[in-house]
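Q: Kindly generate the complete structure, drawing on both the sequences and the hints.
The chain contents come next:
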Amino acid sequence: MIEFDNVSMRFGDLSVLEHLTLTLDERRVAVVGANGSGKSTFARLLNGLITPTEGTVKIDGLSTKADARAIRRKVGFVFQNPDNQIVYPLVEEDIAFGLKNLKLPKAEIATRVDAVLARYGMETLRQRSAHLLSGGQKQMLAISSVLVMEPDYVVFDEPTTLLDLRNKRRVAKAIAALPQTAIVVSHDLDFLTDFERVLVFEAGQIVCDAPPSQALPFYRNLMAAEDMGNV
Amino acid sequence: MFEICLSRITWLHRLPAGFKLLVLAFTGAAVFLTNDPRILGGFIGFAALLPLSAWLPLAPIVKQITPAATLIAALATFHIVVGDPVSAFLVTARLGTVILLAVALTLTTRVSAMVDALEYCFTPLKYIGINPAKTGLTLSLAIRFIPVLFTMVTEIREAQKARGLEGSLFAVVMPLLVRTLRMADDLAEAISARGYDGN
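Residue numbers (my numbering), protein chains in the order written: chain E, 1 to 231; chain A, 1 to 199.
Since the hints were derived computationally from the structure, they do not count as laboratory data.
Among the hints, erroneous ones may be present.
Simulated pairs of lysine to any residue, SDA-like, Cα-Cα distance not exceeding 20 Å [said to hold, decoys possible]:
(1) LYS74(E) / TYR196(A)
(2) LYS134(A) / ARG69(E)
(3) LYS100(E) / THR138(A)
(4) LYS106(E) / ARG110(A)
(5) LYS103(E) / LYS161(A)
(6) LYS65(E) / GLU189(A)
(7) LYS106(E) / LEU137(A)
(8) LYS126(A) / ASN101(E)
(9) LYS161(A) / ILE143(A)
(10) LYS106(E) / GLY136(A)
(11) LYS74(E) / PHE43(A)
(12) LYS106(E) / LEU15(A)
(13) LYS100(E) / THR135(A)
(14) LYS106(E) / ALA117(A)
(15) LYS100(E) / ALA113(A)
(16) LYS100(E) / LEU137(A)
(17) LYS100(E) / LYS134(A)
(18) LYS100(E) / ASN131(A)
(19) LYS58(E) / ASN35(E)
(20) LYS103(E) / ALA73(A)
(21) LYS65(E) / TYR196(A)
(22) LYS65(E) / ILE191(A)
(23) LYS63(A) / PHE78(A)
(24) LYS103(E) / GLY136(A)
(25) LYS103(E) / THR92(A)
(26) LYS103(E) / ILE191(A)
(27) LYS126(A) / GLY136(A)
A: This is the structure in structure tokens:
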């Protein structure tokens, strides 16, 4: 369970999130909002990449401030641009990176890497240089590199933004099939229709917290209203 | 310098990366400690036979040595023109030995294995406050991001060309710098998110 208790986040004088209190225990949670609305900050708080200026964020009772290392193992994070998160030149080496950090035995690393490559149909790419992969393959590699760590929660920060339609579908399918809890920040509303809960962010606040059938039309109307105001 | 290790396993692949790096380092030093053409002839013969003994395909070897061979040929030609064929041979033998051994190493050793070996070599540095794991990771990242930076330069040059700024170095360097710094920030976050603590 994810708990935000009176969380505020400021960068200098800029307030990005204000007094956020909520509990998430659904398996599929989507986060939408305009650029600068605070949704990426919200996502980064989940993995302890940043810690709140005020309040606490807890994942299964562990504080992101006090238990940073345990939180990193519990919550995986997939970034928007896979090029900026692939560390090793070869596909299989990059997937093994996080496991090596855990100092797992070589045999276990190999088993887990094989399993994740097989799950996403990437066995033939295992010896391939990461820079030679297509955009969709790179994103699948980034996702595999996170999932091989077997986190309980996976946060995706705009995972389909840089992808074409075919690869968007591939990534969406992979996320849908995850056994873990997935929190997905996205501008791709079609991809979020099957989610259980959608949080709509606006100026650092959650302005709508509802199932997709209500939250997505609300968000569309919000954006349309802003468009009208700007014309 | 990307991952160019050949996938077909040979006896050279099976040698530990650390041993291969040591051979390269010692031979690289040794060829500059002697002026005896016979010994240097032996060194370059050994370096040439090494990849052949492992039946490494010629095409990647030729591809790897061509740029350096051009430079060596130019240096040798210069020495011959000034009437010093012995120096021409010494230069060719020294540089040729090092280049051939380096090519044999890179074609038969994974980058990660080399980085692991170097990380092991750096272990004593921890006593003077240098973290070997972080040094190893830095090396991996440097290798991994060479093609990314090339792609970035190409994208920026194309964008500036479209704006009519193809002759401006500043127009390429500035966005490259900004993008590289931003990418470094993102990468640091990503590494941290994957549980890396540098120990």
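Q: Next, verify each hint and record whether it holds.
A: Do the hints match the structure? See the list:
| no. | hint | verdict |
| --- | --- | --- |
| 1 | LYS74(E) / TYR196(A) | holds, 14 Å |
| 2 | LYS134(A) / ARG69(E) | holds, 18 Å |
| 3 | LYS100(E) / THR138(A) | holds, 16 Å |
| 4 | LYS106(E) / ARG110(A) | holds, 16 Å |
| 5 | LYS103(E) / LYS161(A) | violated, 48 Å |
| 6 | LYS65(E) / GLU189(A) | holds, 16 Å |
| 7 | LYS106(E) / LEU137(A) | holds, 18 Å |
| 8 | LYS126(A) / ASN101(E) | holds, 18 Å |
| 9 | LYS161(A) / ILE143(A) | violated, 28 Å |
| 10 | LYS106(E) / GLY136(A) | holds, 18 Å |
| 11 | LYS74(E) / PHE43(A) | violated, 54 Å |
| 12 | LYS106(E) / LEU15(A) | holds, 18 Å |
| 13 | LYS100(E) / THR135(A) | holds, 15 Å |
| 14 | LYS106(E) / ALA117(A) | holds, 16 Å |
| 15 | LYS100(E) / ALA113(A) | holds, 13 Å |
| 16 | LYS100(E) / LEU137(A) | holds, 12 Å |
| 17 | LYS100(E) / LYS134(A) | holds, 13 Å |
| 18 | LYS100(E) / ASN131(A) | holds, 16 Å |
| 19 | LYS58(E) / ASN35(E) | violated, 26 Å |
| 20 | LYS103(E) / ALA73(A) | violated, 48 Å |
| 21 | LYS65(E) / TYR196(A) | holds, 17 Å |
| 22 | LYS65(E) / ILE191(A) | holds, 18 Å |
| 23 | LYS63(A) / PHE78(A) | violated, 24 Å |
| 24 | LYS103(E) / GLY136(A) | holds, 15 Å |
| 25 | LYS103(E) / THR92(A) | violated, 45 Å |
| 26 | LYS103(E) / ILE191(A) | holds, 16 Å |
| 27 | LYS126(A) / GLY136(A) | holds, 12 Å |
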